[in-house]
Amino acid sequence: MNYDLSIPMQLSAALLPDLLLIGGAMVLMLVAAWRDESAEHQRAVGIGSILLAAGVLVMVLVQGARGATAGPGVIAVDSFRWASDAVFLIAGIIALALSIEYNSRERIDTAESHVLVLFAVAGMMLMVASRDLMVLFLGIELMSVAVYVLAGMNRRSGRSAESALKYFLLGAFSTGFLLYGIALVYGATGTTNLATIGERINTFNLQQTPMLLVGIALLLVGFAFKIAAAPFHMWAPDVYEGAPTPITGFMAAGVKAGAFAALLRVWLEAFPGVYSEWHKAVWWLAAITMIVGNLVALQQRNLKRMLAYSSIGHTGFILVALASGTSQAATAFVFYLLAYTLATMGAFAVMVSLGTSTSPRESIEDYHGLWQERPGMAVAMTVFMLALLGFPIFGGMGFFAKWYVLQAAMQAPAPQTRLAVILVITTAVSAGYYLSLVIAMFMKPRPAGAAPLPPSGAWSRAVIAVSVIIILVFGAWPDPVVNLVNKHSSLGTPAQTAMPRPAPETAALP
Amino acid sequence: MMVAEALALSAVLFTIGVVGVLTRRNAIIIFMCVELMLNAVNLSFVAFSRMYGATGQVFVVFVMTVAAAEAAVGLAIIISIFRHRQTVDLKNINLLKG
Chain A
1 MNYDLSIPMQ LSAALLPDLL LIGGAMVLML VAAWRDESAE HQRAVGIGSI
51 LLAAGVLVMV LVQGARGATA GPGVIAVDSF RWASDAVFLI AGIIALALSI
101 EYNSRERIDT AESHVLVLFA VAGMMLMVAS RDLMVLFLGI ELMSVAVYVL
151 AGMNRRSGRS AESALKYFLL GAFSTGFLLY GIALVYGATG TTNLATIGER
201 INTFNLQQTP MLLVGIALLL VGFAFKIAAA PFHMWAPDVY EGAPTPITGF
251 MAAGVKAGAF AALLRVWLEA FPGVYSEWHK AVWWLAAITM IVGNLVALQQ
301 RNLKRMLAYS SIGHTGFILV ALASGTSQAA TAFVFYLLAY TLATMGAFAV
351 MVSLGTSTSP RESIEDYHGL WQERPGMAVA MTVFMLALLG FPIFGGMGFF
401 AKWYVLQAAM QAPAPQTRLA VILVITTAVS AGYYLSLVIA MFMKPRPAGA
451 APLPPSGAWS RAVIAVSVII ILVFGAWPDP VVNLVNKHSS LGTPAQTAMP
501 RPAPETAALP
Chain B
1 MMVAEALALS AVLFTIGVVG VLTRRNAIII FMCVELMLNA VNLSFVAFSR
51 MYGATGQVFV VFVMTVAAAE AAVGLAIIIS IFRHRQTVDL KNINLLKG
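Chains as they are written, first to last, in the working numbering: chain A, 1 to 510; chain B, 1 to 98.
Cβ-Cβ distance ranges computed for the label pairs, FRET-style: (1) B/68 with A/31: 22 to 32 Å; (2) B/54 with A/40: 45 to 55 Å; (3) A/280 with B/4: 25 to 35 Å; (4) A/418 with B/64: 36 to 46 Å; (5) B/83 with A/47: 26 to 36 Å; (6) A/375 with B/71: 46 to 56 Å.
Distance condition first, Cα-Cα at most 20 Å in a straight line; then the derived SDA-like pairs of lysine to any residue: (7) B/91 with A/235; (8) A/280 with A/217; (9) B/91 with A/234; (10) A/280 with A/413; (11) B/91 with B/28; (12) A/280 with A/209; (13) B/91 with A/159; (14) B/91 with A/157; (15) A/444 with A/368; (16) A/280 with A/210; (17) A/280 with A/211; (18) A/444 with A/365; (19) A/444 with A/301; (20) A/444 with A/363; (21) B/91 with A/158.
It should be emphasised that the hints constitute simulated quantities derived from the structure, not laboratory data.
These figures come from a predicted structure and were not determined experimentally.
Glycine included, C-beta positions come from ideal geometry on N, C-alpha and C.
Can you make the complete structure from the sequences, with help from the hints?
Given below as structure tokens:
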């Protein structure tokens with residue numbers, strides 16, 4: 001099936017999952033506002049939101065299996081889009097399930113919070129589908145505005161409000177950079193369509209145009225804020241610590257994944273012709289982010305902050321895939337996102353299930369001796385930590401995720417040997433904090449006088465079980481995921497042909 | 001057509017906005033500086049659309065709409081922090097480290 005995007009009906013068909021999600025979310029928003037706030041209403045709207053997201057997920061997987069393509073236009077129809085959509089929807093469903101439990105416990109009766117998760121997911125889906133900077137901008141803003149509100153959802157908590165304020169101010173600031181970047185790229189090339197930008201850069205020889213290069217740099221700064229790459233990461237630990245725990249997981253996994261998917265799409269479709277110009281910047285961004293994220297994570301005693309810095313470290317690992325700039329990198333990227341999303345959301349699910357409104361279980365000391373009291377939770381947390389570390393077999397998908405990124409980096413036309421070395425070394429460093437949590441859970445005694453652990457809710461137990469199973473099953477058998485992404489992938493293939501001057505690794509260093 | 005002049009003015013306005021965000025400590029003023037950045041970009045878009053046609057102007061309409069939505073959410077967040085702290089000065093808002 002080949003969609004002709006100049007015909008409105010076919011454009012709508014190509015956008016059907018996105019339209020269905022947005023339409024359904026609007027209906028749910030009306031339902032949420034229809035009744036007074038109550039715990040039951042909050043739960044009902046949450047379950048409705050999960051059902052809607054699950055329906056859209058099935059639709060996305062069907063579309064991915066059908067392997068439709070599209071002609072030129074503002075929307076991309078390829079397996080990269082469907083695979084990324086699936087990751088966003090999974091992150092959204094997990095966040096919704098955890099939110100239902102967390103909101104009941106913290107007595108947050110605002111049913112709208114669930115609908116905002118759906119809007120954020122819809123924004124991410126638009127971002128990864130966009131082949132036009134205008135659609136990209138609208139997607140980013142749809143996602144960001146929803147997540148600003150979500151960060152401040154706990155209105156009784158001053159920390160939540162402060163987290164929302166910081167996230168909002170820095171998010172809006174970064175939007176300014178992104179937008180100026182878009183304006184300058186538009187000014188240099190005369191179009192906002194990604195494919196046309198790529199063509200015009202090559203046909204008009206715009207590689208050295210200052211306006212284009214400044215525009216790309218500003219775009220990169222804007223994206224670096226959104227994905228929390230060092231040195232633009234300072235907001236992330238504060239915001240992650242203050243936001244409600246399920247939303248923190250959603251921000252660390254889903255929002256980051258969405259911004260990354262858009263970054264990859266723009267860079268591989270519009271800017272392959274200036275690879276040698278942006279490669280240096282992405283190279284340094286990746287190296288600094290890996291080093292800063294993993295080293296600072298070692299010093300954290302608060303689990304939320306530790307996971308925040310760990311997510312910054314993972315940003316660096318994913319940037320390695322971008323630095324190699326090939327279609328293989330896009331496959332490695334989607335696989336990494338799925339593994340990372342499941343492991344991160346799983347770790348936050350354990351925090352949600354063990355926390356109470358008086359004791360949120362955010363410090364590492366709270367997890368000492370967990371094995372004696374909750375062996376199941378301790379084992380699940382161990383799987384998530386090993387997956388984030390990239391440990392073979394027990395870390396499941398995590399190992400293959402890092403393996404594919406390394407493979408993409410080494411097999412690129414310009415092998416990224418030094419980045420691969422930094423990736424391996426910083427992974428070894430990250431064992432210092434992931435394994436210390438595992439050791440604390442299994443070896444340390446339960447502190448005397450520790451508050452008893454509450455019974456875990458059904459929602460968080462289900463999320464944890466499903467995440468562990470998916471991580472281990474696809475860790476033993478990764479081919480189905482890889483094939484789903486590889487099939488009919490149009491993204492990045494022009495990068496290999498259109499890359500006129502593959503910069504050797506040595507040239508990337510000053 | 002004064003495109004170059006408009007672009008220069010837009011760059012100056014954008015820089016003023018960035019400097020304002022980085023140096024001021026009042027949440028409302030920071031937010032106004034962000035809006036200044038967005039409107040500086042709008043000026044660029046309009047100037048470019050003199051060269052390339054309507055796309056830039058369409059973009060400006062989208063940016064204004066999004067900025068309005070962002071302002072609604074942003075002011076709501078600022079009000080909620082004011083209810084907790086009785087101030088919107090970022091110096092006094094340091095519950096979270098860093």
